[in-house]
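Participant: Listed below are the residues making up each chain.
Number of protein chains: 2
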Amino acid sequence: MNADSESQEFVIASNASSARQARRDGGSLEARLLRRLLSRLGDPPIEFLLAWTGERVAPLTSEPLGHVRLLDRGTLLGLLRDPQVRFGDAYSAGRVEVTGDLIEFMHIVYRAFGHANVGKSLVNRVARWAHAHRNTLAGSRDNIHRHYDLGNEFYALWLGETMAYTCAYYPSAAATLEQAQIAKMDHVCRKLQIRAADSVVEAGCGWGSLALHIARRYGAKVRAFNISQEQIEYARRKVREQQLEDRVEFIADDYRNITGRYDVFVSVGMLEHVGRENYEGLGRVVRRALGPRGRGLIHSIGRNYPAPLQPWIERRIFPGAYAPSLGEMMRIFEPCGLSVLDVENLRLHYALTLRHWLERYENAVDRVRGMFDDSFVRMWRLYLAGSVAAFETGTLQLFQVLFTTAENNAIPMSREFMYPQNSPAGTLEDA
Amino acid sequence: MNADSESQEFVIASNASSARQARRDGGSLEARLLRRLLSRLGDPPIEFLLAWTGERVAPLTSEPLGHVRLLDRGTLLGLLRDPQVRFGDAYSAGRVEVTGDLIEFMHIVYRAFGHANVGKSLVNRVARWAHAHRNTLAGSRDNIHRHYDLGNEFYALWLGETMAYTCAYYPSAAATLEQAQIAKMDHVCRKLQIRAADSVVEAGCGWGSLALHIARRYGAKVRAFNISQEQIEYARRKVREQQLEDRVEFIADDYRNITGRYDVFVSVGMLEHVGRENYEGLGRVVRRALGPRGRGLIHSIGRNYPAPLQPWIERRIFPGAYAPSLGEMMRIFEPCGLSVLDVENLRLHYALTLRHWLERYENAVDRVRGMFDDSFVRMWRLYLAGSVAAFETGTLQLFQVLFTTAENNAIPMSREFMYPQNSPAGTLEDA
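If you read the sequences in order, they're chains Z and C. So the first sequence is numbered by the numbering used here: it starts at 2 and just counts up by one. So the second sequence is numbered by the numbering used here: it starts at 2 and just counts up by one.
If you are wondering where the hints come from, they were derived from the structure by calculation, not from laboratory data. Since the model is a prediction, treat every value here as computed from it, not as a measurement. Some hints could be false.
To be verified - Incomplete in silico selection of chain C near chain Z, CB under 10 Å:
#1 Q85
#2 V86
#3 P172
#4 Y306
#5 C337
#6 D343
#7 I412
We put the CB at the ideal spot given by N, CA and C, even for glycine.
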């Protein structure tokens, strides 16, 4: 991926020793304040150029690996107050420029901060903030609307033909985005052993690609729930185009209102929007929806340990979102008689997926600029590049959890069936 | 498996209607007290014959599926006081007889009670009791000694050649116990991608079969820790016999005293004896033992939700033991920068393993009687048959958790490598 072209202007000081000299000096008040902030943040290996004074603020304990230019004093003051949110805002506004590859830079940021011990005060601060984005029925509708209803045309520019906006599954690193998204759907369907006789309920179906795939390729009946109006309309058009109305129903409603009994529950990329306080409730919805031999799969971004999302992401990109640790996810299953059969961590697949999205996004950036503005263009670039780095540094995980009702013994002994060369799932022909 | 022969005497009433009549009547005081206990326990489908009065106490709301004969009043009074512990004690003492297949009977018991909501009072009672079996360094030595130092000769009667006393892995239901134990070791080694250049540390190595297998088949160096004196002596004899002294070292010490850095941490069937209060400590031991690209696997009996072990098992068979839920297991990994890559639930494999153990146990029962006494014979039978039922009813689970350090990106993209037909691990020849 190519870095933001406007940030190329920032030329790294050719004379490294003079920069090192400068960072020992006092310098202006703002330079000293920035240095104090950086020390408090563990002296990350990043050098800052203050454009309005010409000063460089460099790390004290290492050579700089990343280079940032701050364009004005106000931006610096914002960073001093709330670096986690203001950095992204200033980047979007074009008041912060990053030199070189943005993913590489975000790697440095996540390596420096991603595994930092998140103090209680931060957790509480975020918890208070998250309160404003609570996932009540109405709150979820609003949160989902703010991200997913940006326009199907926009998402179509970079999600590819499947319009699947979740981690793909790469059978090989050379697979295309489309191949990997189809492979992900098949991976999920194989894990669930979906057959034509099955009834499937999907919670949070996006633009409908998985529901359509299940019906088309596996012959099963699907009821798919979603509260994004734009996505549901798109999915309903697709179901008519593909003449799958007898097998797929798209329902514009919240997962909490799922009714009926099904053989299979599947949810890919919704849990991030459910909210921790609703995990037990989600478990009850799942338990109620499944018969005694029911099985299910929940696919979600996760963490190695409980921690809030990066605050800028939670505020500007995914209001109300949370990526749970595996231990937190267990609150869905443990209280209500569900048994976990299998967990797979696919974080490197998400990094690849995001690299593909970012590449297509950059290729279509002029069209994005036409739909929104420069600030949006940069915001979305930072979000995608930062997400690549978050998965590549292990700051974020991707968990697929396969489960069944506790008393179900009709479960396969081994997982060989999950892999195509051993699986009967490959026998059905793609329509 | 054949039921305990001495229980065959108990003949089920041929006239079912007369039994149903009797259960509505008042009967003796002890019969009424037993009925009250059974009602409180949810009226399980089990009929009790009180041998000293000739009365039958049958379920009120269903036909009886299981039949039990109580031989004397004292046994009944014990059951009324503490059914969970006293049933097993009375069975061991020969004062309770079960008609028909013991595994089938234990299925009924676990179906009736296994998923019951464990009230706080019970949890607290068990917590208090467990305190007496605390897993301090000395407490663990005592707890382990009580189970694992019963005599290698005894275990050799029914564990088979590998002396592996943990869940095997059945490539097919027709596999022998030995084949399945070897397959389990290879399954673990493949998950960990063990190569000849690796250094491995094993926590809780039993009689040493996995450590020896890793060295012999994969060529890696292993340091294996165990606090069972009898097991360590056995393992040391084996390492000399197999001339693997240059690659395997058996250390008679607690996992908490592991020192050094390794590529791989592995622990199969020890976590049950670690104690919940020590999970974070175990995580720190693991983290300290692993280099930046280290990987590990912990294999343990588990539960679908947090609950104490069946109290008779915890008291008479496995003092100080606890089977964690997956959420509880995460306390090992989440606080200390470990990332879970994969979880597999193998509970049906443990049921098969236990069926094989029980079959061999019954075939060698005369020799067991010669080593111990009738009471021990029955106790061990109930433990093995009850464990089959616990895994088959989903009361117990078996989790294999594969993990790595959070920052390790040298992880495989997919899990296909875990399955023999795709794996390079099969290329090394077995010595």
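Participant: A separate judgement is required for each hint: does it hold in the structure or not?
Facilitator: The hints, checked one at a time:
Residue-level restraint check for Q85/C is violated (minimum Cβ-Cβ distance to chain Z is 20 Å; threshold 10 Å). At a threshold of 10 Å, the smallest CB-CB gap from V86/C to chain Z is about 24 Å, leaving the interface hint violated. Evaluation of the P172/C hint against chain Z yields a held restraint, the C-beta minimum of about 7 Å falling below 10 Å. For Y306/C, the suggested interface contact is upheld, since its CB lies about 4 Å from the closest CB of chain Z, less than 10 Å.
Annotation: C337/C was flagged as interfacial toward chain Z, and the flag holds, the nearest CB pair being 9 Å apart, inside 10 Å. With its C-beta approaching chain Z no nearer than about 6 Å, D343/C sits inside the 10 Å limit, and its interface hint holds. Against a cut-off of 10 Å between C-beta atoms, the interface hint on I412/C holds, since the closest Cβ of chain Z lies about 7 Å away.
In summary, the structure is inconsistent with hints 1, 2 from the numbered list given earlier, while agreeing with the others.
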